[in-house]
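Count along the sequence shown from 1, then add 419; that gives the number in our numbering.
No lab work stands behind these hints: they were computed from the structure. Using N, Cα and C, we set each Cβ at its ideal position, and we do this for glycine too. Among these hints, one or two may not hold up.
Here are the computed distance ranges between Cβ atoms for each label pair [said to hold, decoys possible]: (1) E638 with A441: 18 to 28 Å; (2) G617 with V477: 18 to 28 Å; (3) G617 with I423: 22 to 32 Å; (4) V565 with A514: 15 to 25 Å; (5) A514 with A557: 19 to 29 Å.
Restricting the straight-line Cα-Cα distance to at most 25 Å, the calculated cross-link-like pairs of lysine to any residue (SDA-like) are [unchecked claim]: (6) K627 with F637; (7) K627 with R607; (8) K627 with Y442; (9) K627 with A606; (10) K627 with A424.
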Amino acid sequence: MNRIAQWAPLAALAGVAAIMAAYGPIPQLPHYHAFADSRTMLGVPHAMDVLSNAGFAVVGLWGLGRLREPAVHAHLGRAWAGHALFMAALVMTAAGSSYYHLAPDDARLVWDRIPIALACAGLLAGVYAQTHEARHAAGLTATLAVLAVASVLWFSFTAVSGAGDLRPYLLMQGAPMVLAPAWQALARSPRRDRVAFGFAIGLYAAAKAAELLDHRIFEALGFMSGHTLKHVLAALASAVLAAAIARRS
């Protein structure tokens, strides 16, 4: 692999980080916790936003089951640790997001965002190990996991002063979308892996758009809000990635 090309993805991410640093703190959107669908069903408040997290649990548990198979474990090699973190984080996302949506506030939001950041860290570590000669893949996975948690705690720390800063968390979320496809392209990963990752990125982008259009989508559909749709689309993106990881065996 050409050395300049090898470092280009990280240089691009560093450029994004520099722009974010120059831009200054990125606060949370006003009225972030005021979700469109507050209906109670079967005694569950905000039921649709709570129950729609089940998809993450299903994908994560299925993925963890596949990763326990000797053939999959052996084939993934050093990438196993990162992908295992990704699958486990999906299960944690289901629990953390459900806990948050039962009574949305800043304190509970931490337990929603930490698993999401861990999923991004695991995905980064797994793809890196698959596309590089990663001798210390487990150490890289652990380091990225610590950075993921820190990116969420940074928002809570800065929020104490009245202006929470989302930049580290947003960078952690965006890093897999920048680095993973570039690493796969440079390493000439199998085409089906690259297509799967591209499709997953498209689904996740649609999920983020649905999140921003939460109220408008609920007004248009009536039975589903944009945030609930976000959970569905993000779970589908996770399923695409989990299937691609398991299929490598």
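Does F637 sit within 25 Å of K627, going by the straight-line distance between their CA atoms? holds, 15 Å
Does the Cβ distance between A514 and A557 fall inside 19 to 29 Å? holds, 24 Å
Verdict for E638, A441 (Cβ pair) under range 18 to 28 Å: violated, 37 Å
Does the Cβ-Cβ separation between G617 and I423 fall within 22 to 32 Å? Given a distance of about 24 Å, which is inside 22 to 32 Å, the answer is holds.
Is the straight-line distance between the alpha-carbon of K627 and that of Y442 25 Å or less? holds, 21 Å
Status of the given 18 to 28 Å range, CB of V477 versus CB of G617: holds, 23 Å
Using the Cβ atoms, figure out if V565 sits within 15 to 25 Å of A514. 20 Å Cβ-Cβ, so the 15 to 25 Å window holds.
What's the verdict on K627 and R607, does the C-alpha distance respect the 25 Å limit or exceed it? violated, 29 Å
Check whether the Cα positions of K627 and A424 lie no farther apart than 25 Å. violated, 30 Å
Hinted pair, alpha-carbon criterion (25 Å max): K627, A606. Please report holds or violated. Violated. K627 to A606 sits at ~29 Å, over the 25 Å cutoff.
The earlier numbered hints that this structure contradicts are 1, 7, 9 and 10.
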